[in-house]
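> Could you use the hints to bring the two separately framed chains together as a complex?
Here is how the chains run, residue by residue.
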Amino acid sequence: MTTATADFDVRRHDSLGLRIQHVLHANPVLGPLAVLIVAIIAFSIVNSRFFSAPNLSLVLAQVTVIATLALGQTLVILTAGIDLSAGAIAVFSSILMANFCTKLNMPGLLALLLGFACGTAMGAVNGALVTRIKLPPFIVTLGTLTIFFSLNSVVSRSETVRGSDMPDLMTWTGTTIPIGNFRLTYGSIIMLALFAYFFYALSSTAWGKHVYATGDDIEAARLAGIQTSRVLFSVYTVAGLLYAVAGWILIGRLASASPNVGVDYNLDSITAVVLGGTSLFGGRGSVLGTLIGALIVGVFRNGLQLAGVEVVWQGFAIGLLVLIAVSLDQWIRKVKT
Amino acid sequence: MRDLFMPRAGRLVAAGCAATLVLGTAACGGGDSGGGDSGGGGAGTIVGLITKTDTNPFFVKMKEGAQQQAQKQGVQLQTFAGKQDGDNEAQVQAIENLISAGAKGFLITPSDSKAIVPSIDKAKQQDMLVIALDTPTDPPDAVDATFATDNYQAGKLIGQWAKAKFDKGGKQAKIALLDLNANQVSVDVQRDQGFLEGFGIDVKDKARIGDESDPRIAGHDVTDGAEDGGRTAMENLLQKDPAINLVYTINEPAAAGAYQALKAAGKEKDVTIVSVDGGCPGVDNVTKKVIGATSMQFPLKMAQMGVDAIAAYAKDGTKPEKSVDTGVQLITDEPQDGVDSKDSAWGKQNCWG
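Chains A and B, in that order, give the protein sequences.
Per our numbering, the very first residue in the first sequence carries number 1; after that it's consecutive.
Per our numbering, the very first residue in the second sequence carries number 1; after that it's consecutive.
Worth flagging that the hints you see were computed from the coordinates, not collected in a lab.
All C-beta atoms, glycine included, are put in the ideal place defined by N, C-alpha and C.
Watch out, some of these pointers could steer you wrong.
[Claimed, not checked] Quick list of the computed label-pair ranges, beta carbon to beta carbon:
| hint | chain 1 | residue 1 | chain 2 | residue 2 | range |
| --- | --- | --- | --- | --- | --- |
| 1 | B | S323 | A | F182 | 51 to 59 angstroms |
| 2 | B | Q84 | A | A117 | 23 to 31 angstroms |
| 3 | A | V154 | B | D308 | 57 to 65 angstroms |
| 4 | A | Y200 | B | E64 | 37 to 45 angstroms |
| 5 | A | L113 | B | T318 | 54 to 62 angstroms |
| 6 | A | F182 | B | Q184 | 44 to 52 angstroms |
| 7 | A | G17 | B | A207 | 34 to 42 angstroms |
| 8 | B | E64 | A | G180 | 50 to 58 angstroms |
| 9 | A | I133 | B | E64 | 33 to 41 angstroms |
| 10 | A | G225 | B | S100 | 39 to 47 angstroms |
[As the list claims (entries may be wrong)] Each computed DMTMM-like pair below joins lysine to aspartate or glutamate, with the alpha-carbon atoms no more than 25 angstroms apart:
| hint | chain 1 | residue 1 | chain 2 | residue 2 |
| --- | --- | --- | --- | --- |
| 11 | B | K288 | A | D14 |
| 12 | B | K263 | A | E159 |
| 13 | B | K171 | B | E212 |
| 14 | A | K103 | B | E64 |
| 15 | B | K61 | B | D308 |
| 16 | B | K301 | A | D168 |
| 17 | B | K267 | A | D165 |
| 18 | B | K289 | A | D168 |
| 19 | B | K174 | B | E268 |
| 20 | B | K289 | A | D165 |
| 21 | B | K289 | A | E159 |
| 22 | B | K348 | A | D165 |
| 23 | B | K61 | A | D165 |
| 24 | B | K114 | B | D150 |
| 25 | A | K103 | B | D54 |
| 26 | B | K269 | A | D165 |
This is chain B alone, in the form it adopts within the complex (with noise of 0.2 angstroms):
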């Protein structure tokens, strides 16, 4: 009879343990993610946010910079994200929640630019205004208006500002190209290929990474865009061709991986690298030699747009400019002549992150 009402204690204090766990990291965790009220009510409108990961510190920064202006605006943000870059799923059903929840709109960076057209479509036939921020959708005009950088403009500044120093010092180039993954990703490719033309060199397909023949290219690997594939792939290169003296990453965070690649072998000095992005961690970079020049975005001001953008929609219809580039700024502590930059001091108090 005992046995019927004292359970074995160990159970049950396991099953204690599990369920505290479980409630200690809801209570947690729950701040951050979905739902989150961040106005005075207004009207309750409602306004979506969907970037492709919570982890990027990039999508984490325009999240905190759209419910700042949600907040000013008086219009609820509802935030949703991908588990990993290329995500698509998880975004159709963050539309679908947000269709359901009645938003008069959303900011979307696209995980997969083609696959999430159908949704949008969805959501613009429930009269919902939909921006696209940092990456565009394909066809470009899916959406009602993009904010975004221009990447390709990204990837040929800091292209120019390589070609000018290399041309200025007489060098000839090696290049290793770092780039984020075997998927022909739009941010990827831009990057990499606006790099390509800014130094000279003959892209062939613009649409595509690796097509090119040119001898100065040692060639190019991937990287995830994070510290640890960045280490390897520059490792492997650099195995290759221990030649390579400029190495384009596709962000600064697979550029830090490099840097510690070049290191360990003895070539910090030697190698030139450049980077997209603006973060205050690869600013500080650029500071201490670690990246020779970045091509800085704007996140915070792409989720203030938006969400600006949106607020006015709902008070009276009026809908924004199909297409605002939010600029990309070069920074650089070794300017070089016919490529207009900005030191990085100046980069320190816009930076992001």
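With the rest of the complex left out, here is chain A (with noise of 0.2 angstroms):
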């Protein structure tokens, strides 16, 4: 008769695959780490100038937007929901601010916070639509995106406001300062800070451990006391809050803002949460992976361009990376103890 009970160590006798697996499901963010690291390198081989102070810069200031994007996305993504409308709350919040300073003469951090608040505001939208009227994510996010895409042409009336009619505030996140030889844009400064803010949020404090338990089994979490109504209508908001900011660092990345920009942005966000490893099917994950998942497309773009591979199979490499990603998930999740 064996005295082992629960036994959730790793067996000595258990293959090499198997131990991968279960250090991969009790770290997710290493699979991404991974690759990042093997890409940083196979670049810098192919092109020395790949790894320098400046053109590492360069692209962390490349992915800001997209990774602040992606934080607000996996939040959503934790709680087993998606987002699609990240992108369009994002522009059209940019729109706002640039409006609120301009056309309406506001003074700019009162253009400012209003742009905020009304990033929350729709990020709220969705989120009532989500806990009130209890429709799936993917469908009232399709809606509201289409819906603030609309509004957002209808304000613009597709113009571009200039950055130099604006503020200076709006525009400050695009500006540079060196540390070292490196040279970080405040946006990026700003995001670092978020990305860290929530890493800690979601790991130490009732909330994050709140969000966790939402996403991977919502009935369980009900019936051990918590509030997911209130979770999820809280994790949809601030990732409207987060839609806002990136909105505000696209600004100063651009000098302008625009109506036309960030086409692709919705798919993008989810593309870097899904290469850092969180499930799509929720309650795991970390913002940090979601981190290293933006940084793997910046890497990418930046260093195919640079060993002066096509544009076209750039898209291809990071569809296959994404494939990967989502296969290996599925792999870590059937990790039999």
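Take a look at the structure:
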């Protein structure tokens, strides 16, 4: 008769495959991190200009907007939802902020805060439709995507607002500061600070635990006493605020607020989350993974261009990576104890 | 019993909000899209306008020009657009809608020059007049007439201008090409290849971007014709070859993004940007020395001529000229010998958008 009751440790005679599965299950970030490191090494070998402080700072600046969008997207996907309106909320918020301080002549700070409030409200609309009307997140955000995108065209009349016409605060996120040989933008610093904050919030606060629990098994969470409706509503609303911040960072990068940018941002944010090892089925993942996922996309785009590869293959590479990431996620979920 | 007659307040409020949102949006957005009745009825002639998208300012201005002209002619204009560049499906549906509405004819900027032809054939079988604007179909005679910019000439003009400028300064050029996307779209290919030919570079196959091997070309990248794509593409190409001093861009928003990248790298004074479009924000950028030279198009003229042609066809069956080049005008504040151009002040008065 065996004395072992519940034995969750990796047994010594497990095959290598099972051991890898256990390790990846415990640390969902390892897979994407490995991909990122291998990619950086490979691209550095092909073109030595890749691994230089200016180029790496550039890649960080290039992924900042998507990473911020993906941060909000991660919160939503952790609850087993999805937010197809991420990019639309970001661009519409940026247009609103820009018009507040130009057409309505509001001071910069007020326009900025009002823009954030609008983004938060748009997220709240998503949250309300998901929790009150109980519609599936995919359907809700598909509808709101179209609505916000249309409102964006109506409000902006398809015209771009120039940075020089706006107060300096609007384009502040694009200003760079040198840190050693690296040149970071304030936008990137804000993005990294947000990631650090949510890393803390998701791992060490009750709210964070509730988010994971709701995504993992919503019925069990409800039975355990968690107010799942409130958790879901809060997730979509906070995501809306994050998208608005992404919109502000976008204005800094372009030195203008344009209604026609970011056509792919909705899918790009989901790609970053998936590549980062967060499960689309909810309950598992980490914002650190999302940051790595966003960096992977940026590294590939930049690295393939430096390597002289034709543009068509960049899309192919990213698509392939996504399939590998989701398959890996499925395999990890099957871990047997 | 109370639960039957008093549904939870929360659900009612939320449902009410959703309904208001839907109605409000419909009320706000209704004026602009589809079925715009813009005329005193006249003979109730219906004219269609199908653009690639409703968001690109080029098509927004084209639509405005068409609406004004439709009012003057007393015909009813129905407008349609795809969701994004390349959305062929929406244009196919638009043609079907126009056929069942009994339109006399329509203007179309084809998103996919080949794939739209079967739908156009269907329309012509109903004796509708079909005019292509801005982009020709493939084959070009699938439509009754084409009013378009000669995009090859547009590219050629900025190429010739750049060559003259660089020859004068005795500079060796290192060229970056910021294109639209990887799909070899006709307008993209024509402008890119026209620019290279104007500059004096062997383009090999005129119908393909990227098959050239001239060492003066530093590289190609894609922008989706917007500022963010322009910025990222320029940054990556600069990393690949910091010696780039001439940048061709597919349109002025991409050029604006490229300028931001150059400014961040401290190179905005050393690098020349050329573009195509002639939108008012773009002409402003010529004045501000962001763009060195741009080829101006005339979308309003295209739309007006198109509406006039269909109105005439409806009246007495006259068909327009098969192909009209609505013209390209080089706008620059640094005129070069041998290349005809107008300055940005003229540009400001004739720009669109």
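> Evaluate each hint against the coordinates.
To see whether the hints hold, each was checked on the structure:
no. : hint                                : result
1   : B:S323 - A:F182: 51 to 59 angstroms : holds, 55 angstroms
2   : B:Q84 - A:A117: 23 to 31 angstroms  : holds, 29 angstroms
3   : A:V154 - B:D308: 57 to 65 angstroms : violated, 29 angstroms
4   : A:Y200 - B:E64: 37 to 45 angstroms  : violated, 51 angstroms
5   : A:L113 - B:T318: 54 to 62 angstroms : holds, 60 angstroms
6   : A:F182 - B:Q184: 44 to 52 angstroms : violated, 38 angstroms
7   : A:G17 - B:A207: 34 to 42 angstroms  : violated, 50 angstroms
8   : B:E64 - A:G180: 50 to 58 angstroms  : holds, 52 angstroms
9   : A:I133 - B:E64: 33 to 41 angstroms  : holds, 38 angstroms
10  : A:G225 - B:S100: 39 to 47 angstroms : violated, 58 angstroms
11  : B:K288 - A:D14                      : violated, 68 angstroms
12  : B:K263 - A:E159                     : holds, 23 angstroms
13  : B:K171 - B:E212                     : holds, 21 angstroms
14  : A:K103 - B:E64                      : holds, 22 angstroms
15  : B:K61 - B:D308                      : holds, 17 angstroms
16  : B:K301 - A:D168                     : violated, 38 angstroms
17  : B:K267 - A:D165                     : holds, 23 angstroms
18  : B:K289 - A:D168                     : holds, 21 angstroms
19  : B:K174 - B:E268                     : holds, 15 angstroms
20  : B:K289 - A:D165                     : holds, 17 angstroms
21  : B:K289 - A:E159                     : holds, 21 angstroms
22  : B:K348 - A:D165                     : holds, 18 angstroms
23  : B:K61 - A:D165                      : holds, 23 angstroms
24  : B:K114 - B:D150                     : holds, 18 angstroms
25  : A:K103 - B:D54                      : holds, 22 angstroms
26  : B:K269 - A:D165                     : holds, 22 angstroms
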